[in-house]
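Chemist: The lines below spell out each chain.
Protein chains: 4
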Amino acid sequence: MDFTIPAALEKMLAEMRNFVRAEVMPLEREFSARPFRDLLPTLQEKRARVRARGWWAPPLPRAIGGMGMPLTDFAHVSEELGRSPLGHFIFNCAAPDIGNMEVLLQHATPEQKEKYLLPLARGEIRSCFSMTEPDYPGSNPVWMGTTARKEGSDYVINGRKWYTSSADGAAFAVVMAVTNPDDPKPHRRASQIIVPTNTPGFNIVRNISVMGHAGDGWASHAEIVYDNCRVPQKNLLGAEGAGFVIAQDRLGPGRIHHCMRWIGICERAFELMCAHSASRQLAPGEVLAKKQSVQFWIAESRAEIDAARLMVLNAAFKMEREGAKAARIEISTIKWFVANVLDRVLDRAIQAHGGLGVTDDTPLAGWYRQERAARIYDGADEVHKTVVARQVLREYDVEI
Amino acid sequence: MDFTIPAALEKMLAEMRNFVRAEVMPLEREFSARPFRDLLPTLQEKRARVRARGWWAPPLPRAIGGMGMPLTDFAHVSEELGRSPLGHFIFNCAAPDIGNMEVLLQHATPEQKEKYLLPLARGEIRSCFSMTEPDYPGSNPVWMGTTARKEGSDYVINGRKWYTSSADGAAFAVVMAVTNPDDPKPHRRASQIIVPTNTPGFNIVRNISVMGHAGDGWASHAEIVYDNCRVPQKNLLGAEGAGFVIAQDRLGPGRIHHCMRWIGICERAFELMCAHSASRQLAPGEVLAKKQSVQFWIAESRAEIDAARLMVLNAAFKMEREGAKAARIEISTIKWFVANVLDRVLDRAIQAHGGLGVTDDTPLAGWYRQERAARIYDGADEVHKTVVARQVLREYDVEI
Amino acid sequence: MDFTIPAALEKMLAEMRNFVRAEVMPLEREFSARPFRDLLPTLQEKRARVRARGWWAPPLPRAIGGMGMPLTDFAHVSEELGRSPLGHFIFNCAAPDIGNMEVLLQHATPEQKEKYLLPLARGEIRSCFSMTEPDYPGSNPVWMGTTARKEGSDYVINGRKWYTSSADGAAFAVVMAVTNPDDPKPHRRASQIIVPTNTPGFNIVRNISVMGHAGDGWASHAEIVYDNCRVPQKNLLGAEGAGFVIAQDRLGPGRIHHCMRWIGICERAFELMCAHSASRQLAPGEVLAKKQSVQFWIAESRAEIDAARLMVLNAAFKMEREGAKAARIEISTIKWFVANVLDRVLDRAIQAHGGLGVTDDTPLAGWYRQERAARIYDGADEVHKTVVARQVLREYDVEI
Amino acid sequence: MDFTIPAALEKMLAEMRNFVRAEVMPLEREFSARPFRDLLPTLQEKRARVRARGWWAPPLPRAIGGMGMPLTDFAHVSEELGRSPLGHFIFNCAAPDIGNMEVLLQHATPEQKEKYLLPLARGEIRSCFSMTEPDYPGSNPVWMGTTARKEGSDYVINGRKWYTSSADGAAFAVVMAVTNPDDPKPHRRASQIIVPTNTPGFNIVRNISVMGHAGDGWASHAEIVYDNCRVPQKNLLGAEGAGFVIAQDRLGPGRIHHCMRWIGICERAFELMCAHSASRQLAPGEVLAKKQSVQFWIAESRAEIDAARLMVLNAAFKMEREGAKAARIEISTIKWFVANVLDRVLDRAIQAHGGLGVTDDTPLAGWYRQERAARIYDGADEVHKTVVARQVLREYDVEI
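Chains as they are written, first to last, in numbering that gives the first Met the number 0: chain E, 0 to 399; chain F, 0 to 399; chain X, 0 to 399; chain Z, 0 to 399.
If you are wondering where the hints come from, they were derived from the structure by calculation, not from laboratory data.
It does not matter which identical chain is used: a pair holds within one copy or between any two.
As a list, the in silico DSS-like pairs of lysine-lysine whose alpha-carbon atoms are at most 25 angstroms apart:
id, residue 1, residue 2
1, 289, 184
2, 149, 114
3, 324, 289
My request is simple: use the sequences and hints to build the entire structure.
Modeler: What follows is the structure, encoded as structure tokens:
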């Protein structure tokens, strides 16, 4: 076993950290206080700088403009970018685009790649992934109300989706819809279909108000009604009925990205907590850090963040070596484990800041609000714990 | 011992609950989505209905238009009103006005009462309480930067305050300021002074953005610079140097109000969790409530809420019988105990709602954001635990 | 509502507390280090003193030698006695005898009362309750392997039981056995039957080694094989098929007794923790109690114990006023709630004692071992949480 | 980074696991039920088999009969041996002997090595480490009551120690005593001295009853009075005044050993929990593992154990590469982190077993009792959290 990060990677990570600190963090206050569209020109300028540094879209292949980074290396990068809510966006590796790009890479036709993948990879357009439905539980992905009926050479899509993140302003959506309702295997019934957002019948009902904000642009979550929304059948992504298989492909690396992003948040929150504790005076000359309760928050957070990082890196390593299926326990485990570490670390950091912690003068309150969903999306804690138990119990000849 | 609520009170509580459900809850969506000032005309109309029902300002004496309710009875009312974020406001018993009214009742001169208490009691004006400072820790209330220097017959106030809730639009502030910096006893150095908000030098710097919103009007928290702000010395509230003593008077009953309000929130969140679990289908015919994890959240929340209520009622009972000093352990205990129950109950209710839980389609996400501060304001968890331990350890002859 | 304990009861409780401290606690070291039988003569002598004080068997009717205490009063007594592991035994109100006496009072024939209840009430014999089976889960009480088959005028009992506490040396067992296997209602299939322990076929296989000790006498838990164990049918307790109904009768008050006993343990552990923290020096002149972590343990334990007590007293009050059925939520809640408070309070007290905490120089380590079972017996935490959720969810028209 | 265990090591670990299962686990029931001395002949026979397999004393150098395993490899072995309470003893790498051997290797004179180290390494004698004192806190190791006064060519030792584990039957003790009380640096005042247990004045007062058992032989913890106990000065281990430095040397690798041993316990408990859940029927055909609560215990335990192992292996790796000082945060972190994982995993495993879990029919109850001390010895949780916070806060220029 070897826990060393290669020196070249270490060096690049340090440079990225500096870049994020110098170029990205100063935008945070504006990001939290104003519409996303107002910030967009500045973000495009930052993206140009990133590209100039040779850092663009790290996990994408060099052939389409990325850095061609393996998952285990990008994991570290994702942590660095995660220290600011804007890091991944500026490096063009933010959800949902990065997930769509990875899926298009694997499953798109040459024509689809040309039309959807390449402009995404260049950062010219944005996209969204339209899977979750308000009337059906996310915990049961094979139960879905949206259908895509064949008519002539088209699919006609009907249904209601929500939490289609970043749909506002996106050029296209990848939509999950039931195409084969009579397939005896429930997980073979749905397909993924590319739907340009200017297609008639693609109706954004609202940007959902989440934790106090409806947001806009990339920073939003849409509710969408598909009302006889008609696209050509060539917009099918991969095979018909392969919707869930493709969705699984998306989730593996996506989980590593997310988890390391959360760890980046944790590290930033940890630094803020330590710095505040070390400087805030409770009485003349007596700093907050003298309090044993704060010391314990520091020690517990340090331990939990380090544990979380090792878990994620180990999962990425196993996924890379043995494939996502072999790493199923590890991948499900990090989802809930890291999301809960994030929850606790943010909570402690806020408590250590006192009244300041709930203001928007630090990024803590924003993360507290926005990342509460980390324990819910992409499979709630409860779902993933059950997945792990199911895998474990199979070795004991029990099917749960 | 007798755990029965008198029948007449039970009846009134049921009527209030119906009123809150029918008249107050329908305003919540608008409250969360629009400026407070837009809602104000509707709120005034609701206040008129409350008054018509004979329910106005329950803890205030009848002589000034209240219901003259003892603390132990009002505790129950506060729970009912707490089920909606607007309940206390509509009944004219919301912080900070109710605290100011209670303090004015006890300590104001007849002239001060005429000018400040009575219009407040009638709901014609609003007020604020200006104590917390950004540069000094709330955990050490005797260490404060704001001063009130005597000049002629005036006090000249200088300093910076924040978390002066509801200052925006208030008619006056009760300001804590150091008037006797040389008093050997630190807790005898500050006084409370009434400052009309139109006094020159009373400068609201900003409504602080808290958990994503700066808010306005009653629903805001101001940062205020007192810049040679001059008021006549007759605006002193109570004795000079009695600032902390008066602040203590405020905190006792205030804690009961707050804690029972939080219990009201808990009960509403509990109902939402149960109702959602009972109706949300995970698969055709299989509701969420079948999941053992959800069942445990229900059982644990039921237990914790019931425990919290008994603790608060017991504290109110003891405070009423033996005074706030005798009930010091109980009063400090409920502050952190109930705030943490609130935290957990809201967290579980959100988790049970899944993606819906973090939207503003239910009041849960709003409470999650706004009530995170419950573990911080009026003494953080850590402060109150230390207070309790100090009291306990005195019986073991240790001073901590 | 009234949280006052009547003065006369307060006075008696104080006297009992003194008695327990002076007469009972000094026996603890011997109790933990030596066989129970060695201690028995001393215990009998203490019992005589209790009787002389007029305190014998508080919850039993005066007519049979008890104090005739209502449940809500005895709750307080149970707390006082619970401060020592020997308290209830010395006052002749320890499990399992007190449960058997309560059941015999309600359900026994005059002849059964004469033969079994009265000697028990006088403390001349001991008894046991034989319900739990090793091969069937306690969480499903209607699924049971032990049968009582009618032959002539007898029942012939066959089966294996364990956790028949205090069987070693008992005069008789009350045995749960299936008498009506074909009854369509599972909970009408079993009956309770009185079995003298000298009946042939009543075979104690072993005193189970529990947490390191098999124990003996009252302080033991037997595994018993009923091997064609034959008793006359007149030994049936109550109606045939009423086994579960009678068991339910036993559990209600039993839960109050247990929970208040646990609270007594908590209070003793709390005192030990405070006293040790107040005197143990970490450095010359600096006591352990100066540590914020210890202060928090004190505050948290104080809060949780007080919450637990209020919950139990409220449950007892409701049970007394409205019956056990109406108080089902409260009774199930206190079972798991108080058992978990006990767990945490003991854990903190041990941690505060450091190395001393795990020795048998204090009673803490003994409770830590023996009371781990509190979260398991009489319905594990998980069972009771489900019971509560079931009751709650019925109001939402869901049957779980 | 590379998370792979080398194939040769994997193979050996599998063989050791089989050996432990086949040869060691069958002794557990006897170990828990009878005096250690009764089991000793069997243990010696098992030791012979271990030696025959070439596995003796893995972390010791080959030159003195060990396997010469590096710390990072032995970590894995320690986990395998930890699956049974007797594993380390049988492989001659159990505390306190292994710690004494490591310290003697580094600090003993050739004569001391000949006399004390070699017989230990051969398993001919046992030893103990006499540091902890009942009257002084373990959290403040530089405050100590035991003194070693020079008289002629001897040290004369006086003081009281406890928790001198395995003193009963040991050939010698390594004793910490103050030799230089006037050294201005408190951590330079004590020395380590080798004391043969047959020295006059070495008085074992008692084997302390810990969690219900005083034990004997290796499985015991002595209280010792040193009463003018006189040994030659050549028995000094290392330099005078170097007691704490040497103690630190001992703790680093010792922590890895202990933590991996705890992880071995966790894995065994995890297997027992899974196997029991998979087979225990709650109703005909419905196994315990169907319960979501049990599934969550499995998932949470799996995650925590895996996190713990990665933490420990990473700490061992860093210690090996950069030394114990550089790895101070990691070493302190694993101490409390793993001890708490152990605590929770055992608690869940017991709860899953129900009544069976608190019996001694499985090893769970024994570990629950004996390993409660894991959160206390070698630095309580609170001590290590403070150590971590101190290190972290130094980067923020605060000394706590």
